[in-house]
Amino acid sequence: MAKIECPECGEQIEMTGIVTVCPKCGADLREVMQAVEHERDERMKTIARDDSVTTHEFIVRTRDLKKIYVMGEIEVPALRDIDLDVRRGEYLSIMGPSGSGKSTLFNMIGGLDKPTAGRCFIEEVDMAQLDAFELAWLRCRKIGYIFQTFNLIPVMTALENVTLPMIFAGMGTDEMMDRGRELLTLVGLGDRLDHKPYELSGGQQQRVAVARALANSPAIVLADEPTGNLDLHTGKEIIDLLKELNQASGVTVISATHDLKMIDVSDRIVHIRDGKIERIEHRHEIELEVGGMGR
Amino acid sequence: MLDVDGLARLTEQKDKESIKIQRQITLPWSEAVRISVRNVTIRLGRTMITASGIVLGIAFLSSVWTSGVIQDGLQQAQLQQERELVAATASDQAESDSAESEATAGPSETEKQAQGSKRIWLVVMSLLVCGVGITNAMLMSVTERFREIGTMKCLGALDNFIVRLFLIEAIALGILGSVLGTILGHLAMLGIFAIRERSLSVAAKMDWSQMLTYLLLCVLIGAVLSLVSAIAPAVRAARMRPAAALQSEI
Ligand SMILES: Nc1ncnc2c1ncn2[C@@H]1O[C@H](COP(=O)(O)OP(=O)(O)OP(=O)(O)O)[C@@H](O)[C@H]1O
Ligand SMILES: [Mg+2]
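Heads up: the protein sequence lines correspond to chains A and B, in order. Each residue of the first sequence is one higher than the one before, counting from 1 in the working numbering. Each residue of the second sequence is one higher than the one before, counting from 1001 in the working numbering.
There may be inaccurate statements among the hints.
Stated by the list, open to error - To give an idea of the chain B side of the interface with chain A (calculated C-beta under 8 Å), a few residues:
(1) Gln1024
(2) Leu1027
(3) Glu1031
(4) Arg1038
(5) Arg1119
(6) Glu1144
(7) Gly1156
(8) Val1163
(9) Arg1236
(10) Arg1241
(11) Pro1242
(12) Ala1243
If you are wondering where the hints come from, they were derived from the structure by calculation, not from laboratory data. Computed from a predicted structure; not experimentally measured. Every residue gets a Cβ at the ideal spot worked out from N, C-alpha and C, and that includes glycine.
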């Protein structure tokens, strides 16, 4: 939760909504709290805006994004000054060798970790300004996550996994169940609603994860090596599914990968190496290249 | 292939209900209880391993109290017997003050005190065992699920949802474990005394209302200790950044 500063004595107080006077000097905090609430409201209006009226060309932007992991004495720079603009509705792949910083970038864009320096904007809102509640809101409604290891909740059925984000979003039970069923049917698992993750194959588990990512109609689907644990054929199916979702609904897909099958479906490919953007390829360039070589 | 119409319908941003509703993030208590209790019951095998610390600790406590109540019961019965004996002799002979006072005194005061402090020592010991066992159990049940916690946070869970889920689970686990432990410790002591006295009359001789109070106290202590010792690890885990929680390999 956000912290506020007492106007009288400068004491930092957690904003819980319960305390309205400074525990140290007894000053009335309601005015300061209202100001903070108002500020939050303004920010929420920006990120909660209906997509159809949002006009920002770039849904995600990063500026000078740096991440340095400190392990005792050693500093490991995982990202060095990443400047990346992701267009709305784009299918973007982030490619690079192991350890190049793909997952780190995924975590920064997804608001799962804080950068050491630099900024990351979603819908032109600086994520560093968001408090815990707003970040949770963003993760719940704006972003859908897909992981290499699926990360389904093991004790829950496919349907329960898909409806969990809807519970957090405050959806009613009936609507939630209907939507969960529809989403699972959409990814081809209409007959597996009540199966637990361990009763499903890897590819099926990843399909459940895709359905879960779409639960609250996110604007962005973030995927970290979604095909990393799948065989060639199953991986291709997941890639195609993501591409179809991207084309049919205009959801922005950002996927970290070293799966070359991703190249065919990506609008752009960002190559990173040692935490830096090496080059960015556009699809029409790739097609031109391929065409030019007479293949 | 993909049902494009269905998809368009499913993914279209819903007509904005009021922004207020849009902005909320919730976990209703009913859902929280459902999720937590299912978590405990579904992996019952795993749960029992985790709960073994609680079971053992509470079984110790319950056995100490049970044996206390049984011993008191036996002593009372013996005293009663002696008194009856004295009364029988008194009816034959002239009343003797010294004989009566000797009989009612039972075990001497110092003996009683020694017994009392020994019992307190045992209770304190068993509470310590409970505390360690339960803290360990709670630590285990939280740390083995870091990834799950990370995933939930990715899906939009607030820190206090995670804490809530784990605390409900801790109470459920605490009640389950301590009911089991209480019964186990109680039956064990009853069995031991029955064998020692070569009769089942020990059960008849003890004060059952006192016994029940102690047994309920055991369950209560187990549940409360579980709840309290789950707070710290649950809060710590809930505060982890999702990236760190997801990275942990267990
Ligand atoms: N939690 C961490 N603590 C310390 N160093 C880390 C941590 N996470 C990542 N790193 C380091 O940051 C660098 C980038 O890691 P990252 O996981 O982003 O690579 P990646 O491109 O996703 O690799 P892979 O393809 O193997 O998943 C690596 O050198 C890694 O050792
Ligand atoms: Mg990675």
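Here's how the hints hold up against the structure:
1. Gln1024: holds (5 Å)
2. Leu1027: Constraint on leucine 1027/B satisfied, holds at 6 Å.
3. Glu1031: holds (5 Å)
4. Arg1038: holds (6 Å)
5. Arg1119: violated (42 Å)
6. Glu1144: With a closest approach of 11 Å, the glutamate 1144/B hint is violated.
7. Gly1156: With a minimum Cβ separation of about 2 Å from chain A (threshold 8 Å), the hint on glycine 1156/B holds.
8. Val1163: Cβ of valine 1163/B sits 13 Å from chain A, so the hint is violated.
9. Arg1236: Violated. Min distance 15 Å.
10. Arg1241: Given a least distance of 5 Å, the restraint on arginine 1241/B holds.
11. Pro1242: With a minimum Cβ separation of about 4 Å from chain A (threshold 8 Å), the hint on proline 1242/B holds.
12. Ala1243: Nearest chain A Cβ about 4 Å off; hint holds.
Hint compliance for this structure: hints 5, 6, 8 and 9 are not met, and every other hint is.
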